[in-house]
Structures are given as structure tokens and as C-alpha cells.
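*Asks:* When we follow full-length UniProt numbering, the leftmost residue of the sequence shown carries the number 1, and every step to the right adds one.
Honestly, the hints are just simulated from the structure, not real lab data.
The structure presented is a predicted model; accordingly, all values stated were derived computationally and were not measured.
Hints are supplied without guarantee of correctness; some may be wrong.
What the hints assert, rightly or not - Here are the simulated distance ranges between beta carbons:
hint: 1; residue 1: Ile97; residue 2: Pro120; range: 33 to 43 Å
hint: 2; residue 1: Pro84; residue 2: Asn146; range: 24 to 34 Å
hint: 3; residue 1: Lys136; residue 2: Leu162; range: 15 to 25 Å
hint: 4; residue 1: Lys136; residue 2: Gly179; range: 38 to 48 Å
hint: 5; residue 1: Ile91; residue 2: Glu13; range: 18 to 28 Å
hint: 6; residue 1: Lys16; residue 2: Phe83; range: 36 to 46 Å
hint: 7; residue 1: Asn25; residue 2: Phe83; range: 17 to 27 Å
hint: 8; residue 1: Pro120; residue 2: Val27; range: 33 to 43 Å
hint: 9; residue 1: Glu62; residue 2: Val27; range: 12 to 22 Å
hint: 10; residue 1: Gln100; residue 2: Lys55; range: 24 to 34 Å
Beta carbons: idealized from backbone N, C-alpha and C, even for Gly.
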Amino acid sequence: MKKRLFLALELPENIKNELIIQQNNLVKKLGVKGKTHRDALHLTLKFIGDFEEEKIESLSSEIERFTEKIHPFTLTLEKLSCFPDCFKPRIVFVSSIPLQPIKAIAESLDSICERFGVKPEKRQFKPHITIYRVKKQAKIEEKKVNPLQFTVNSITLFESILKPDRAYYKVVKSFKLSGE
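Assemble the whole structure, with the sequences as input and the hints as a guide.
*Replies:* Structural data, given as C-alpha cells:
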């Protein structure tokens, strides 16, 4: 049997609270449809997709060996922006700095997953947290937001369970960044 998986950074509750404020500002302009649910706010590092259940433990062991070497680090969320652009947005997100070490982590996770038959990511990694999926045409102003800082202590392997109303995320395993 297969599970739909991805690797991501979980967000602290105080960061989620601030992102909900940003969402509520967008709701006034765009309507309620399209909001990312609070429990779905995360920063994706690697979308794995459908993955054989019997290989999850082996993949987890490889990821754990990798995360044991990484020190916790601080991430700052500071800019509201859009994909593909803010003139005809489809996704509104908050982006993060610094790009390193998070970019290097995402690339390493991509390589680990590739050894298990997962297709490598072709697009350039752009760390972001989706807060809104635009359902109707609108122009959105790209802007700085009050910087939101948090310490990244772990990486989480999630299962994505697709339901008619939305995707639900279940923690499969968390990997502590121990920097040993």
C-alpha cells in the first residue's frame, strides 16, 4: 500500500497566530474560500508523493542520520508574496530568510528521497508558507510583514490524506535536529 508523503517544517503556535492575521487581511479582499487551514500551515521541504509503506522505515532511518548532523537554526518570515506573481496570483505565501541553511537541507532531502526512487525536484527551491489559494482574479500587494522568527528544531514527515473538502496532514515521524 502507498501513502502520500512530504517533508516539512512544523510551525510554532505563535507563528500560526500571526499568519492567521495575515490571512484575515486577505479574506477581506478575496473572500473566505482559499484560506489555508491553521493545521495545514507548514513549510514544505520536499514533496515525496505516493510512497510504498514498507519503505517508510528505511527512508526514515536515512533522514534521521542526516538530521542528526544539523544544528537547530533560526528562520525569519518577513515577506508576503505570490506565485506566479502578484498581478495574477494563484498562491499567496509568506517567504523565509535566510535561504541557507534551509535550501541546503531541502537539496539534501531531495537527494535522500531520490535514492528511494522519488523523482528529484526540477524547480528551484523557494521556501514559503502558503496562506491562501486565490480562487478569483485579484491583484495583491507584495509587502514586508512584521518579521516572525522561530527556531527550527526538527523536520517532520507527514502523510497527506486527500478528502473532498481538503487535504489533512498526519505526522508520520519527526526528526530532531541535534547537530552532533
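*Asks:* Which of the stated hints cannot be reconciled with the structure, identified by number in ascending sequence?
*Replies:* 1, 6 and 9
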